[in-house]
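Participant: In case you want the letters, here they are:
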Amino acid sequence: MDIQTLQQFNWSAMTPEFIILGVAALLTLLDLFIPKHLDRRILGWIGIAAILGAIVSVLSLAGGQVTSILHDTFRLDSFAIAFKLLLLAGSGLVLFLAVSYEPKDGMEEYRGEFYYLFLTALLGAMVMTSSGDLITLFIGLELLSISSYILAGIRKYHVQSNESAMKYVINGSISSAITLFGMSYVYGLTGSTNLLEIAKGLLTVQDTQHSYLLGLAFLMIFVGLSFKLAAAPFHMWAPDVYQGAPTPVTAFLSVVSKIAGFVIVIRILLTVFGSAASVGHPNQPILLDMQDYIAFIAGVTMIIGNVVALRQSNIKRMFAYSSIAHAGYILVALTTLSSNMFYSIWFYLLAYLFMNLGAFAVIQVVTEKTGSARIADFAGLYKRSPVLAVIMGLLLVSLAGFPGTAGFIGKLNIFLGAFYGEPHYVLASIMIATTVVSYFYYFGVMTQMFFRPASDETGKFNIPFGIIVVLVIAVAGSVLFGILPNTAFDFMTNNLNNLADFFS
Amino acid sequence: MNLHWILSILVFSPLLGIVVLALLPKTQEKVIKAVGLLATVPALLLALAAYLHFQWGKDLADFAVSVPWIQFRGMGTQEPVFSVYYELGMSGFQMLLVVLTAVVATLSAIAAAKFVKKEWKGYFMLFLLLETGMLGVFTAENLILFFIFFEITLIPTFFLIGKWGYFEREKAAYSFLIYNGLGSAVLLIVIMILFGKTGTTNIDLLTQMMADPNVPLSSDLKLGLLIALLIAFGVKLPIFPLHSWMLKVHVQAPPSVVMIHSGILLKIGAYGLIRFGMGIFPEQFKTLATLIAVLGVINLLYGAFLAFIQTDFKMVLAYSSISHMGIVLIGLAAMNEAGVQGAIFQVVSHGLISALLFFLVGVLYERTDTSLIENLGGMAKGMPIAAGFLLAGALASLGLPGMSGFVSEFMAFLGLFKELPWVAAVGTIGIIMTAAYLLRAVLGMTYGKAHREFTGVLDLKGVEFVPVVVLMLLIVLIGVYPSVLSAPLQTTLETIMLGIGG
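Chains as they are written, first to last, in our numbering: chain A, 1 to 504; chain B, 505 to 1006.
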């Protein structure tokens, strides 16, 4: 590739990535060169500014044609824009949590890393949304994963943090290996790593033996990627990692990392397996044969997440299982493959981003104050800090999916998809039954906050500025999209043409 | 005159009170109570205005409002695939329930101002949210909106029971949440299936569509949906095997909440069965009529027999509620004009009577710290006025002619005797039992053997007279002049009868 070809590329499509990359590099250098005694928090604020800049540049790219550069390995379509916005918003809020993070045993020495690793992780996730090629997808995935491994273990002298990082690395590597193995089958069948070319190549696959191989590839890719979603069967890491990792990192893993997981799942499954013909029914894609497997995983994920969450006494572990459950709900939308699937998944992740990050902001304040993360520590929160308690209550109600909140509309979308066209009665029933189960543990926290007396009533909570920002945005988002969901839907329709260019 | 915004104000006016309360300091007890009470007044006035509007011969459809709200689109389509409208409206039936809700809510606010002893601010904020939910349920014109308001009633009720209730309040609150959560889960499935299959959730439109044989819903699916609705609203009503949560709530919740709960929330179940069950699936309802009649009789007898052996007056009333809701089912199962009218009458009448009785329970408990029948024996000596109203309320409940209970029971049974005489005949045992258990309980309290001196115990006084007198007057009014209810119901009944082909 010579310099002329390089210049011909429409680099502006990558502006958001360049901003994040540049600032991440800048922060690394600044961290090295600014004097030791200076507060590293300023780096966090620069990171937040970078993310705001990237959001603006993504918005300015919305509504254009599909741009494909670097020999179709980087692809900017509406799908990429829609999910980049979620990733950026999520990471921005997480950085607000990070600048307010003050663990009792201190973490001054490595605060610099703490901030720019979030940015590199985000960069990986953003590359994933725009990948048109298995290689770039995988590189994005690894960039995200490796940054997150370090983030999980960033409190070097904290035993649980180390344990969490170790478990995360081991589980993560195994699942990456499985995914990669699955991808190698796809490559072997088609001789290309480019997603659109693979799709074209698979159109001509006639041999049923090849279809079975493709089925195997599908299973391995999907099972491997379920790690990032924290869906069964690769959900076991979540509770331990969530518990041990610093709270902002936990928030990042539960939101941004999960969004990235869904991005890659949708990208691969729909482009690769949406075109190959099914065994026995040449007119329908092989993906429809796989529907039952996705449905099975969705069902198991919802049941495990919601049922095991009932037994937790640690709030972060409880939220780990809750996030597993939410992955299950979103997989229901994926299973249905209905025409509103993109909508449902995007909207659900948007709602989930607000409610979960808001809840983690409250968790961070409470756990820092008490030094432990037991659910019992929330006792009497209403007496100690009515505002925090009411906000947490609202976010929990949204997580439980009650009307008036974004969580409800998200679930409504998914249900509509499940009954529209080919109905999925069993899956929808599991979803709704497990939702009722989830009332138990979400309202269990409420019971602690509102009904139980506080064990120690002393001391007001100091809520740092960063947390206030997160709480305000989270509450505003949860309520706004709960009452006027059309604001989000219209944005999708008017600026992103409903993701119609996904397959072109 | 443009009246479209009236219903929105009616439904959301209590929220204004919440905003004001949020700005008040916690310690201002008197101001908080006054604001809480005043915030229920606009809804009450508007509800009464709607009633007058109807009485002056104008059309209730004037109030209907319909604005596009949510559009669900598919991939790559600009046109909305599914639309949900923000639509409120009022038929005669809905109007009666709105008036009932507004009246009971205001009276319950008075009761709360008397009986609630702590954290008034939180109490009234939740209470007003609950009122908005209830008013919304009865005015919603599509199923999604109905469901939203329906669920909105759950959360404040959970907190009102769990925080301000008696000793086992948390258990009762959880029991309430889970049972009703399951009920509404089933309801949501029904709604989403209908939405997915027909593309609309507008109730009137659905009613028309279901009558059309070309709609792509097999009759088996319709029957399944109706059974699901029966379960969903059966939890709320409650129908016999699904009732245990409701006993706990009646006993553990504070009296002012039970007034609302027994008076209005249970009626949502009846409203749902009539409007959606019978309205949307009339033919399938007919197939299930015998089953529903039998369930109704079981409710009636089971509630009555168990009420007979209770020692706690609150439990007597709780079982009595189950028993009386059996009459609603009996009336519906008759599937004729008298029966359905009786069922609706019973809904309104029981709402007023149980609100009255639970208010009196609140008064008694406040004075004596007990609601056990034995311990209250001989209360007529110390509290003659309260005892008198208690007796009057009980007589209304057991169906004394001249009071509202009589009209509804009479019509419900009249309906069922026409269709299923044997089931109805068994049911009449329940009416006798009702008289027996109510008189046993009330006479045991008023004139029973005294276990304590009632000297120095205050009788009804001051503002406490307002709920008692208002409710009593309404009960007698319906009893002697039933057309205050039957006139607004005329068109609703005609529509239902048209649906079931009666």
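Mixed in with the good hints, there may be bad ones.
[Unchecked claim] Where chain B lies over chain A, by a calculated footprint (3+ residues, C-beta under 8 Å):
no., region
1, 14–26
2, 139–148
3, 414–423
4, 428–439
Please keep in mind that the hints were generated in silico from the structure rather than gathered at the bench. Every residue, glycine too, gets a C-beta built ideally from N, C-alpha and C.
Participant: Determine which of the earlier numbered hints do not hold for this structure and return their numbers in increasing order.
Facilitator: Violated: hints 1 and 2.
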